[in-house]
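> Sequence:
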Amino acid sequence: MRVTDQETLNIVEEELKNLNNIIVKEINELGAKAVGLNGKDEKLIQAEKKKAKIDLGLVGCITGINSELIRDELKKDRIAVILPMGAGKDKKVYNVNADEAAASIAWALEAEKFVLLTNVKGILRNPEDAHSFLSTLNINEAHGLIEENVIQQGMVPKVKACILALEKGVKKTHIVDARTPHGLLLEIFTDKGIGTEIVK
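Numbering (the numbering used here), first residue to last: 17 to 216.
Since the hints were derived computationally from the structure, they do not count as laboratory data. We treat Cβ as the ideally placed atom computed from N, Cα and C, and that holds for glycine. Please note that a few of the clues may not be correct.
[Claimed, not checked] Quick list of the computed label-pair ranges, beta carbon to beta carbon: (1) Glu42 to Lys91: 16 to 24 Å; (2) Ser148 to Lys107: 21 to 29 Å; (3) Arg141 to Asp21: 38 to 46 Å; (4) Pro197 to Ile38: 19 to 27 Å; (5) Ser148 to Lys92: 38 to 46 Å.
[Said to hold, decoys possible] The list that follows gives simulated cross-link-like pairs (lysine to aspartate or glutamate, EDC-like), each with its CA atoms no further than 16 Å apart: (6) Lys49 to Glu89; (7) Lys216 to Glu128; (8) Lys65 to Asp21; (9) Lys33 to Asp57; (10) Lys187 to Glu126; (11) Lys108 to Glu29; (12) Lys208 to Asp193; (13) Lys216 to Asp193; (14) Lys108 to Glu157; (15) Lys184 to Glu128; (16) Lys176 to Glu157.
All chains, please: the whole structure from these sequences, using the hints.
Structure below.
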């Protein structure tokens, strides 16, 4: 479990700002309109200190989203690229999980779909067998695979984010390999898809 002090938080935020600027620049160069937003500004991502057996410092859990700020950008035909930092009522800035932030934003915007782009094909029933790929799961099956330790490491927060989005009203969630050319289109607009779909 990560621990974040103020010095570490400053470094994380600076790196995320740099990455945010790169993504915004590349989207704009492709002809779309993008704008970078910092989750800590204007209570975009609201957070509180995460409770744990040990003091995690400035690690936060998300308590709310200022969806109107994002909707205002969407009304201007802008793609909001959001830096996942949270603002607390205690005036502190918190390091929040990016997958949880994305899921929270999805349900706050009442999105139909929630898609996580990652660097793996999707979920495998047997992590050592590429042929055990699972194209569809429901929430109960996803919980079971986490409990059985089939879903491990970095995939756990992604699957939990999908479950959160579904429980809050998003209809479908997807985990897609971003390295696959046209992967997003193939997942959304074909019957078979290329990633793992998690549904209720």
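> Assess, step by step, whether the Cα of lysine 216 is no farther than 16 Å from the Cα of glutamate 128, and give holds or violated.
Answer holds: lysine 216 to glutamate 128 is near 13 Å, not above 16 Å.
> Can you tell me whether the CB distance of arginine 141 to aspartate 21 sits inside 38 to 46 Å?
Once the Cβ atoms are compared, 39 Å apart, the range 38 to 46 Å for aspartate 21 and arginine 141 holds.
> Verify the proposed pairing of lysine 176 with glutamate 157, using a straight-line Cα cut of 16 Å.
holds (12 Å)
> Hinted pair, alpha-carbon criterion (16 Å max): lysine 65, aspartate 21. Please report holds or violated.
Holds - the C-alpha atoms of aspartate 21 and lysine 65 are around 12 Å apart, at most 16 Å.
> Is lysine 184 within 16 Å of glutamate 128, Cα to Cα?
holds (11 Å)
> Sort out whether aspartate 57 lies within 16 Å of lysine 33, counting only the CA atoms.
Measuring from Cα to Cα gives roughly 13 Å; hence the hint holds.
> Between the alpha carbons of lysine 108 and glutamate 157, is the straight-line distance 16 Å or under?
This hinted pair is violated, its Cα atoms lying about 37 Å apart.
> Given the proposed pairing of lysine 208 with aspartate 193, does the C-alpha separation stay at or below 16 Å?
holds (15 Å)
> Per the hint of 21 to 29 Å, is the separation of the Cβ atoms of serine 148 and lysine 107 within bounds?
violated (48 Å)
> Would you check the hint for lysine 49 and glutamate 89, treating anything up to 16 Å between C-alpha atoms as holding?
holds (10 Å)
> Holds or violated: 19 to 27 Å for the Cβ distance of proline 197 and isoleucine 38?
holds (20 Å)
> When you check the alpha-carbon spacing of lysine 187 and glutamate 126, does it fall within 16 Å?
With a Cα-Cα distance of about 9 Å, the restraint between lysine 187 and glutamate 126 holds, given a limit of 16 Å.
In this structure, the earlier hints numbered 2, 13, 14 are contradicted, and the remaining ones agree with it.
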